[in-house]
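Peer 1: Could you put together the complete structure from these sequences and hints?
Heads up: the sequence lines are chains A and B, in that order. In terms of this note's numbering, the first sequence has 382 at position 380, counting the first letter as 1, and numbering is strictly consecutive. In terms of this note's numbering, the second sequence has 92 at position 90, counting the first letter as 1, and numbering is strictly consecutive.
Hints are computed from structural coordinates only; laboratory data are not their basis. It cannot be assumed that every hint is accurate.
[Unchecked claim] Calculated pairs, DSSO-like style, for lysine-lysine (alpha carbon to alpha carbon, straight line, at most 27 Å): (1) Lys471/B - Lys172/B; (2) Lys37/B - Lys10/A; (3) Lys37/A - Lys113/B; (4) Lys15/A - Lys460/B; (5) Lys37/A - Lys37/B.
[Unchecked claim] Looking from chain B toward chain A, a few residues come up when the C-beta cut is under 10 Å (computed): (6) Pro35; (7) Cys38; (8) Glu48; (9) Tyr52; (10) Phe54; (11) Tyr150; (12) Gly242; (13) Pro318; (14) Glu319.
Computed from a prediction, not measured in an experiment: that's the story for all the values here. Backbone N, C-alpha and C define an ideal beta-carbon position, used for all residues, glycine too.
There are 2 protein chains.
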Amino acid sequence: MNKAEEFKKYVKKIQYYYQALSLIRWDIETGAPKKCIESRAQAIGEISTYAFEMSTSEKMENFLNELSLPESKEKLSDNDRALVRVMKRDFEKQKKIPPELVGQLSVASSKAQAAWEKAKINDDFSVFQPFLQEVLLLTKKMADCIGYETNRYDALLDEYEPGFKSNDVKKVISYLKKELVPFVEKITEKEVDDDYSFLKMKVDRQVQRKLSEKVLRLMNYDHDAGRLDVSMHPFTTSIGANDVRITTFYRDNDFSDSFFSTVHECGHALYEQGVSSELADTPLSSGASMAMHESQSRLWENIVARSHEFWEFFYPETIKIIPELSSVDMERFYRGINTVKRSLIRTQADEVTYNLHIMMRFEIEEALINDRIKVSELEQIWNSKMEEYLGIVPLKASEGILQDVHWSHGSFGYFPSYMLGNVYSVQIYNQMKKDIPSLKDSISNGDLKVILDWLREKIHVHGKKYEPKELLAMITGQEPDPSHFMEYIKEKYSHIYKI
Amino acid sequence: MNKAEEFKKYVKKIQYYYQALSLIRWDIETGAPKKCIESRAQAIGEISTYAFEMSTSEKMENFLNELSLPESKEKLSDNDRALVRVMKRDFEKQKKIPPELVGQLSVASSKAQAAWEKAKINDDFSVFQPFLQEVLLLTKKMADCIGYETNRYDALLDEYEPGFKSNDVKKVISYLKKELVPFVEKITEKEVDDDYSFLKMKVDRQVQRKLSEKVLRLMNYDHDAGRLDVSMHPFTTSIGANDVRITTFYRDNDFSDSFFSTVHECGHALYEQGVSSELADTPLSSGASMAMHESQSRLWENIVARSHEFWEFFYPETIKIIPELSSVDMERFYRGINTVKRSLIRTQADEVTYNLHIMMRFEIEEALINDRIKVSELEQIWNSKMEEYLGIVPLKASEGILQDVHWSHGSFGYFPSYMLGNVYSVQIYNQMKKDIPSLKDSISNGDLKVILDWLREKIHVHGKKYEPKELLAMITGQEPDPSHFMEYIKEKYSHIYKI
Numbered sequence: 003m004n005k006a007e008e009f010k011k012y013v014k015k016i017q018y019y020y021q022a023l024s025l026i027r028w029d030i031e032t033g034a035p036k037k038c039i040e041s042r043a044q045a046i047g048e049i050s051t052y053a054f055e056m057s058t059s060e061k062m063e064n065f066l067n068e069l070s071l072p073e074s075k076e077k078l079s080d081n082d083r084a085l086v087r088v089m090k091r092d093f094e095k096q097k098k099i100p101p102e103l104v105g106q107l108s109v110a111s112s113k114a115q116a117a118w119e120k121a122k123i124n125d126d127f128s129v130f131q132p133f134l135q136e137v138l139l140l141t142k143k144m145a146d147c148i149g150y151e152t153n154r155y156d157a158l159l160d161e162y163e164p165g166f167k168s169n170d171v172k173k174v175i176s177y178l179k180k181e182l183v184p185f186v187e188k189i190t191e192k193e194v195d196d197d198y199s200f201l202k203m204k205v206d207r208q209v210q211r212k213l214s215e216k217v218l219r220l221m222n223y224d225h226d227a228g229r230l231d232v233s234m235h236p237f238t239t240s241i242g243a244n245d246v247r248i249t250t251f252y253r254d255n256d257f258s259d260s261f262f263s264t265v266h267e268c269g270h271a272l273y274e275q276g277v278s279s280e281l282a283d284t285p286l287s288s289g290a291s292m293a294m295h296e297s298q299s300r301l302w303e304n305i306v307a308r309s310h311e312f313w314e315f316f317y318p319e320t321i322k323i324i325p326e327l328s329s330v331d332m333e334r335f336y337r338g339i340n341t342v343k344r345s346l347i348r349t350q351a352d353e354v355t356y357n358l359h360i361m362m363r364f365e366i367e368e369a370l371i372n373d374r375i376k377v378s379e380l381e382q383i384w385n386s387k388m389e390e391y392l393g394i395v396p397l398k399a400s401e402g403i404l405q406d407v408h409w410s411h412g413s414f415g416y417f418p419s420y421m422l423g424n425v426y427s428v429q430i431y432n433q434m435k436k437d438i439p440s441l442k443d444s445i446s447n448g449d450l451k452v453i454l455d456w457l458r459e460k461i462h463v464h465g466k467k468y469e470p471k472e473l474l475a476m477i478t479g480q481e482p483d484p485s486h487f488m489e490y491i492k493e494k495y496s497h498i499y500k501i
Numbered sequence: 003m004n005k006a007e008e009f010k011k012y013v014k015k016i017q018y019y020y021q022a023l024s025l026i027r028w029d030i031e032t033g034a035p036k037k038c039i040e041s042r043a044q045a046i047g048e049i050s051t052y053a054f055e056m057s058t059s060e061k062m063e064n065f066l067n068e069l070s071l072p073e074s075k076e077k078l079s080d081n082d083r084a085l086v087r088v089m090k091r092d093f094e095k096q097k098k099i100p101p102e103l104v105g106q107l108s109v110a111s112s113k114a115q116a117a118w119e120k121a122k123i124n125d126d127f128s129v130f131q132p133f134l135q136e137v138l139l140l141t142k143k144m145a146d147c148i149g150y151e152t153n154r155y156d157a158l159l160d161e162y163e164p165g166f167k168s169n170d171v172k173k174v175i176s177y178l179k180k181e182l183v184p185f186v187e188k189i190t191e192k193e194v195d196d197d198y199s200f201l202k203m204k205v206d207r208q209v210q211r212k213l214s215e216k217v218l219r220l221m222n223y224d225h226d227a228g229r230l231d232v233s234m235h236p237f238t239t240s241i242g243a244n245d246v247r248i249t250t251f252y253r254d255n256d257f258s259d260s261f262f263s264t265v266h267e268c269g270h271a272l273y274e275q276g277v278s279s280e281l282a283d284t285p286l287s288s289g290a291s292m293a294m295h296e297s298q299s300r301l302w303e304n305i306v307a308r309s310h311e312f313w314e315f316f317y318p319e320t321i322k323i324i325p326e327l328s329s330v331d332m333e334r335f336y337r338g339i340n341t342v343k344r345s346l347i348r349t350q351a352d353e354v355t356y357n358l359h360i361m362m363r364f365e366i367e368e369a370l371i372n373d374r375i376k377v378s379e380l381e382q383i384w385n386s387k388m389e390e391y392l393g394i395v396p397l398k399a400s401e402g403i404l405q406d407v408h409w410s411h412g413s414f415g416y417f418p419s420y421m422l423g424n425v426y427s428v429q430i431y432n433q434m435k436k437d438i439p440s441l442k443d444s445i446s447n448g449d450l451k452v453i454l455d456w457l458r459e460k461i462h463v464h465g466k467k468y469e470p471k472e473l474l475a476m477i478t479g480q481e482p483d484p485s486h487f488m489e490y491i492k493e494k495y496s497h498i499y500k501i
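Peer 2: What follows is the structure, given as C-alpha cells:
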C-alpha cells in the first residue's frame, strides 16, 4: 500500500468512530429511552475523545507532512490532494487549541444549554447571562488560539465558511440592507384581505406523514440510503456512506410547517446522498460549507417548493391526501404559503424577511466577539435592532434574545451561513435556469429529477472537495452576489403583492 | 484512585465501545437503510477490533495480574472480585485469538446476515451458502485458537454456557429423547376435534401492537429504560445501562405468535433491566449465561403466559382489545395456545416439541464444527433430521434450513441454551412456587409483580456475578435436572390432552 492509500485507510478508520457518534446522537434525538442518557453521554465523551486523539496524533502529522511535500503532492489524485488539504487545515487548527480549552468549552456549553432552556421557559435572560458570559469568554480564547488578521470573528467564521471574512459578510449585509429593508416596508404597507386560516386547520399526524413521504418520493430522496423520523427539532445527519437520515415534526395545527421542514431537510440530505462514492467515509463526503449546504435546503424549500409551478403539479396531489383543502383554490393556497410578515421568530420567518433576522444576529455576535458590546447589554440591543430592521419588538425574551440555541453551544459565526445560503441558492438556481430552458415546465409536470440531476453534477458529487467560493465560481462563473437574491425576491413578491 | 477503581474505569471505557456496537447492530436490524450495510460493517469491524485490542492489552493484563494476587483479591469487594474473575476468563480466551480474526469474523457475519435475509426472502439457500461457509471457517479457526480437550464444539459452547461441555448437553438430550419423544408420540396420536381457527384470524397490526404494549405493562417492563421495535427476527439487546430494547414482529394472521414473542423478549429484558446498578456499564451487567437468560424468557413465555391462571386474568383484557375473540370461550383459547403439533418452525414450536428442534440443531452444528458434515450438505441433512425427530419435512428453505439467524452471526454453540433454558426455567419456577404459596392466585389476579420481585432478588440483581451452575444451586440447591421439565410437561399436557 502506498502512503496515500495508508493515509486514506487511517482517515476512514477515524471516520468510523464518527459514524458511531452520529448514530448515537441520532438515536438520542429520535427515541432513545430517557434513563440511558447519562450513560450514553459517557460513551459519547469516550469515543469522541479517542477520535480527536487519532485526528491530532503524531501519525496524522507525519502523514500530512509527507503528503504535503511537493514531490508527493504531484503524485496524488485530485481527490486525495483535496483530502490532504482539508485534513491539514483541520489538523493545524486543532493543534493550536489546548485540549483543556476544548474540555472547558464543552463543559461550559453543556451548562449554558441547560441554563438557556431554563431561561427560555422562564422568559428570563438573566438566568442565561452568566453562562453565556463564560461560553463567550472561552470562545474568544479559542479564536485567539486559532488566530486571525484583523477581526477576531474571522477565526470563528472560517470554521463554517472557509475562505470568508467578516468583511465579505458585511458587504452582503450592506447591499441587502439598502435593498431589502425598503422592499419589506413596501410589502407590509400593502393591506391584504385574504383568509389563510386553512394553514392552521387540524390535520392528523398520519396524514402529515403521508404528505412528507409523497414529497420525498417526488424529490427522489433515496429511502434505501436514509430514513425519515420524528424529532423535536428537525435535522439531517449523515451517519456514514449511503445513510443520510432526516427528521421532521408534526404539529396538529401546522401541516405546512412540517411539510416545508421535510422539504428543507431533504434538500440537505440530497446533497450528501449525491456525493461521489469515491469520497465515501472520508471528511470530503459532506457539503462544501455550511452556507453551500443551506443553499441546497433553501433552494428546494423556497425556490422550488414555494413556487407557483411546483404547486401546479403538487396541489392536486395534496388535495388527494388532505381533501379538506379542496375548498381552497390554489391561488389562495399559493399566496398563503408565501405570506410576508414582520415576525419575531427566525425559524418561522418567510424567505423575504429571513435575512433581516440574520443581519442583526451577525452584527450582534461580531460586536460581542470583538468586545464592542457586553453580554449584559444584549437584550436591550436585540430589541432595538428588531425595531430597526423588522419594526417590531418582542414582549418576551423567549421570542427575542433567547429564541436560538446557537450561542449556548458557542456556535458564534454560524448565523451568516443562513444568509449566504439564501444568496447562493438563487445564484445557483439562475444558472440552472440558463442551462435548462424547460425548467419551469418540468417542475409544473412534477419532474424534479432534472433539478436533482443538475445539482448532482454541478455540486453534490464534489462533496467538500472545493471551497465554497471556488465551487460557486465553477458553477456560475461569479463571486457570491446578493443581487440575484434581491431580483428573485422582488420579482416573485411584486407579483404576489401586486406592488 | 486505587487499582480497583482504575481497573473499573478502564473496563467501562471499553464497555462504551460495545455500547456503540450494540446500537449499530440494533439499528441494522430495526431499520437502517439497506445501502449503508457495507460501510456500517466496516465500522463494526474497526470498532470491535479496537475494543478487542483494549480488552487484550498489556494494560488489561497488568490490571488482571495485579488484582488476582491473593493480597489484592482479599481487599476487593464481592462485585469487583467477580468482575476480575469474568474479565480474566475472557482475557485468557481472547489472548488466544488474533485481533484480525475477530475483525474478519465481525465483517463476515454482518455480510452473512444480510445474505441470510435475502436468501430467506427468496427461499434460496445457495444465496446464503458461501457466506455461511466463510463464517463457519472463521468460527472453527476461532475454536482452534481457544482450544479444547476432545471436542472442538466445547470451545464454542463454553462461550454461552460457562462450565458446560458437549457431553453435558448430550446427557440432557439423551434423557429428553427417552422421555419426550414417546410423550409427543402419545399426544399427537390423540385425535383432537377442536376449532382453533381463531388463532389465524386477521388482526390489524396496530391492534397487535396494543396487545404487546398491554402485556409489557403487566410484566412491568420499564419503557423509560428500553423501547419496543419491529424486526424480522425478534430479539433483546442491552445497549448500555438503562437501555434494554426489545423487538417483535406482527403478522396479519398470527396475533398469538407476535404476542408470545413479545412476552419472551420481555422476559429477557426484565433480567437485564433488573441487574444491580452497581454493575452498570461493566460486563457483569448481563445474564449469568445464555441458558439462564433463556430460562427467564421461557419462564415468562411458557410457564406464566401459557398458564391457565394467567388467562383467567388476561383473557377478558384481550377481548377488550380484540373483540372478535368474544365468541371463543376461554377454555378453547387456552387449549388453542397450548396445542402440541409437529411443526417446521422452531420459534413457533410449542413448549413440548420445542426441545426436539434444539436437539437436531445441536447434532447438526456439533457435526459441522467437527467437520463431519459440509455446508453444501446442510439442507439435505436438515430435512432428514426433521423427518427423523418431527416426522415432517419443510418444502421451503425459509421454513427449514434458513429459518434461524444464529449461524449467520457465527453463533455456533448457542442453540443448546434454549434447551437448557427450558430445563432451568421449570426448576426455578418450582422453587418460586415453594417460596410463594399464593403464586397462582396472584397470577390469576393479574399481579405479576410478585414473580418479578422474586426473580429480581434471586437472579436478576446478580447479573453475571455467578456462573450458571453456581447460581442455580444458590436458588434451588440442585444441579441442572431435566426431570423438573419433564414432570411439568407431563402434568400440564396430560390434563389438556386427557391422556
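Peer 1: Decide, hint by hint, whether the structure agrees.
Peer 2: Hints and how they fare:
Restraint check: the Cα-Cα separation between Lys471/B and Lys172/B comes to about 17 Å, which is no more than 27 Å; the hinted pair holds. Distance hint between Lys37/B and Lys10/A is fulfilled; the C-alpha atoms sit about 22 Å from each other, no more than 27 Å. The suggested pairing of Lys37/A with Lys113/B is violated, with an alpha-carbon distance near 33 Å, which exceeds 27 Å. For a cut-off of 27 Å, the pair hint linking Lys15/A to Lys460/B is broken: about 44 Å separates their Cα positions.
The straight-line distance between the Cα atoms of Lys37/A and Lys37/B is roughly 31 Å, outside the 27 Å bound, and the hint therefore fails. Evaluation of the Pro35/B hint against chain A yields a held restraint, the C-beta minimum of about 5 Å falling below 10 Å. With a cut of 10 Å, the hint placing Cys38/B at the interface with chain A holds, because the nearest CB-to-CB distance is about 4 Å. Given hint, Glu48/B at the interface with chain A, holds; its Cβ is 4 Å from that chain's nearest Cβ, closer than 10 Å.
With 10 Å as the threshold, the beta carbon of Tyr52/B comes within range of chain A, its nearest partner Cβ sitting at about 8 Å, so the hint holds. Restraint check, Phe54/B versus chain A: the minimum CB separation of about 14 Å is more than 10 Å; hint violated. Hint status for Tyr150/B: violated, given a least beta-carbon distance of 34 Å to chain A, over 10 Å. Hint on Gly242/B holds. Least Cβ distance to chain A is approximately 5 Å, under the 10 Å limit.
Look at Pro318/B: its Cβ only gets to about 30 Å from chain A, farther than 10 Å, so that hint breaks. Below 10 Å, beta-carbon pairs count as interface contacts, and Glu319/B has none with chain A, the closest being about 25 Å; its hint is therefore violated.
Violated hints, in rising order: 3, 4, 5, 10, 11, 13 and 14; the structure is consistent with all others.
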